[in-house]
Amino acid sequence: MIEAKKLVKKYGDNKVVNDVSFKLKKGKITSFIGPNGAGKSTILSIISRIIGKDEGEVFIDGKEISSWDTKELAKKVAILKQSNHINIRLTVRDLISFGRFPYSGGKLTSKDWELVDEAIRYMKLEDIQDRYLDQLSGGQRQRAYIAMVIAQDTEYILLDEPLNNLDMKHSVDIMKTLRRLVDELGKTVAIVIHDINFASCYSDYIVILKNGKIAKEGEVKEIIKREILEDIYDIGFDIYDIKNNKICVYY
Amino acid sequence: MKNRYLIFILIALSSISLFIGVKEVSIVDLYHLELDSIEILFLTRIPRLISIIVAGIGMSVSGLIMQQITQNKFVSPTTAGTINSAKLGILVSLMLFSSQNVILKMLIAFLFALLGSFLFMGVLKKIKYKNTIIIPLLGIMMGNVIDSITTFFGYKYDLIQNISAWMQGNLSMIIKGRYELLYISIPLVFIAFLYANKFTIAGMGEEFSTNLGLKYNNIVNLGVTIVALISSIIVITVGQIPFLGLIVPNIVSIYKGDNLNKNILSTSLFGAIFLLICDIISRVIIYPYEVSIGLTVGVIGSFIFIYLLIRRNK
Amino acid sequence: MKNKRKIGFLFIILVILIIFFLVIGLNSKNFEYALSRRIPEIIGIILTGTSIAFSSVIFQTITNNHILTPSVLGLDSLYLFIQTCIVFIFGSNSLISANPIWNFFMAVGSMILFSMILFRFLFSKESHNVFFIVIVGMVLGTFFQSISSFMQFIIDPNEFLSIQSSMFASFNNMNSKILWIAFLVELLVLIYVYKLLPNLDVISLGRENAINLGVNYKKVVKKMLVVTAILVSISTALVGPIIFLGLLVVNLTRVYLKTYKHYYLILGSMLIGSITLVGGQLIVSRVMNFATPISVIINFIGGIYFIHTLLREGKM
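Protein chains in written order, with my numbering: chain F, 1 to 251; chain Z, 1001 to 1314; chain B, 2001 to 2316.
Only chain F is shown next, with the shape it has when bound in the complex (with noise of 0.2 Å):
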């Protein structure tokens, strides 16, 4: 389990995330939602080591995150950042078996090319998996991006954003990946995302932050309230029951 006590962040005088604490519950997919520059990213960013803190803990497993040696912890934990711009040229295949890097060294055994085609072909890759990552789609490159995560083989994901820039398509089925990867695989998924129909469809839990703070966490039914919208937001909510899932229209 994930467990953050107190998180706090500045940035100069500025709190970002402000005495912040939650859990991840293990076999579930949580979302992290709120308005623009409510510190989700970098709680996000926090409890995978990619930013340090500046009070309070993180526990993975129940060991304090900065006591876990570094490719240990890359075992257990897999980040995914929206802005995933890379400088180098390099096909789909190479991307993804970087994710064995912290069991290989560089050095890939043919176990670890196993792990490799099996995250190609769970993501659909293998007609692209030559093709460099500069010549593809957004939503095939979240694809690849996805699949070195998958081959990264970790008990928790965390993406940061993934819907960014995708079309509807692409949206869903990236979504539906990741619940296949809870419901088949017994990973634990977090992400960041904005698209409140999104988190209401496919997350198990919510966690709503504003201003640096939780402004409330739960299970969907429980979040997914006009009241509690509305005053997040500041903008009128209706929400209707639509296939067993609440759908929200606030234009």
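No wet-lab data here; the hints were simulated from the structure.
Fair warning: this is a prediction, and the values are worked out from it, not measured in the lab.
Fair warning: there could be bad hints in the mix.
[To be verified] Okay, derived cross-link-like pairs now, DSBU-like style, lysine-lysine, Cα gap no bigger than 30 Å in a straight line: (1) B:2218 - F:63; (2) B:2002 - F:107; (3) F:111 - B:2261; (4) F:10 - B:2222; (5) F:25 - F:63; (6) B:2219 - F:5; (7) B:2218 - F:107; (8) B:2195 - F:71; (9) B:2223 - F:107.
With chain F held as given, fit chains Z and B onto it using these hints.
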């Protein structure tokens, strides 16, 4: 700072400057009409003072115009390839014609400076992504490339020694009869004063100025031409003074804002003061020797430039 | 497999060039003298080419940018500045200034110190704009150069001249006294980096991906910056600054090899760097009769290439 204080400081520094040098000249001597002292005064000290003031004003006004036209605080004749092109021009004039005629040299240097500046403006038009930093970076790189052409031919025709005399500004060689060309830049500065308003408008962009009934291209061309002329005159007579045209307008605009009409006078005064201070430093620091002014300005100038960059980036 | 063949091809070209370099103009009379001069010269050239190429690849990886190289950031001007400071502080007759080996190690030590400061500046803020870093570096380069000449003026100019030639080397005046030390140091650095090569591959994916994949990012980057400082010291001490060689060579290598693997990138760029310098020096000295310094030609081509890269990146 009020302009009148600046004028006062300028006068004070000028009088100090007159009395610094290997040969002692004091007011008492002048009072007693000692011929020696008066001769030195008129032969070297006064020409030097005038060159400094004119060069200081000229370079900072050129910098100001460039910054207004490109709307970029980091552009100046040094960071836009103008000076490097002028230097290449001097080399060409040395190669093709006898090195005697200064006016001809100046004209060729001017032509090259003009070409170089227009090349830079042309490249600028092509960049779609106009980052404040990328524009001067391009200019500096262009300057580097032009410099390497100069060095290449300099080596080939054995003119490196001649050229490097122009690489670094040196005021100790200024004596009566060798600096008068600088006077040409005075009317140019006046033209710049007259057109100050229009440069500001042109800086707002082509559409903006056309909307106000201004012929954008004419104004930009006029500005670039003035800058190229002033720069090449100064390079010929005094030498290359880095960063001056960059820093002075920046410091003034911190206090006075960016309306060219208001700050062009302060900029020119401040430019003269800045160069005078640097000159005094270079003359006293290893007295009785002196450090070339280009170096002093280089050290102080690059330091201030980095400060400005970091300040702006915050 | 393909890359191995390409590396082999480069290696053969280099060997041919070296042979040309050594034998052109030899005859039975000048044989001994010429070789005794040319052999150290070629070793120096290759050491310079390889260390510039090597440091540039590493530096581009840790800064995650393909237009930055140590010399674009003014690191070799810094080396000259440190040299001047040493003479300034200790005087030209002291052991540290006059003994080239002591002098070299002293300068390398200071370079490492400075690179740590640079580390804090470059990597403390994650948001620094690359172009900003480049221009600060370029101006810092001018600053170091001017302040060095400034100090050289202030130190008794005559005194300075006497040791200047051994400290401020150029291509035609190579500092051969530290050749073997430089060779040894570069070899050790190579062996050291060899172990870390896979980490470098991962770091070229960017900071966040590298951390995610379990690379101790800060530690490795710091180590690599120290390596860069040492390599820059070697090349600058041997022949002085050549601003755009690194940029040109590394980018040529990337185009030619089309790989992200540092094993090939470093090897390839070291070979291409040596080929450029040996070939360039061959043309300059044997064909053009020293009519122009090789650094001028490299800066011309490299400068144009840099502008080209800027314009291309600027369009994105």
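**Restraint status (C-alpha distance of residue 111 of chain F to residue 2261 of chain B at most 30 Å)** = Answer holds: residue 111 of chain F to residue 2261 of chain B is near 21 Å, not above 30 Å.
**Request:** With a cut-off of 30 Å on the C-alpha distance, tell me whether residue 2223 of chain B and residue 107 of chain F pass.
**Result:** holds (22 Å)
**Asked** Does the structure keep residue 2218 of chain B and residue 107 of chain F at a Cα separation of 30 Å or less?
**Response** holds (22 Å)
**Item:** Satisfaction of hint between residue 107 of chain F and residue 2002 of chain B, Cα-Cα up to 30 Å
**Value:** holds (19 Å)
**Item:** Straight-line alpha-carbon gap residue 2195 of chain B to residue 71 of chain F, limit 30 Å
**Value:** holds (16 Å)
**Request:** Take the C-alpha atoms of residue 2219 of chain B and residue 5 of chain F, compute the straight-line distance between them, and say whether it is at most 30 Å.
**Result:** holds (27 Å)
**Item:** Pairwise hint evaluation, residue 2222 of chain B against residue 10 of chain F, where the allowed Cα distance is 30 Å at most
**Value:** holds (25 Å)
**Request:** Take a quick look at whether residue 25 of chain F and residue 63 of chain F sit within 30 Å of each other, Cα to Cα.
**Result:** Answer holds: residue 25 of chain F to residue 63 of chain F is near 16 Å, not above 30 Å.
**Message:** Between the alpha carbons of residue 2218 of chain B and residue 63 of chain F, is the straight-line distance 30 Å or under?
**Reply:** holds (22 Å)
Violated hints for the displayed structure: none, as all numbered hints are satisfied.
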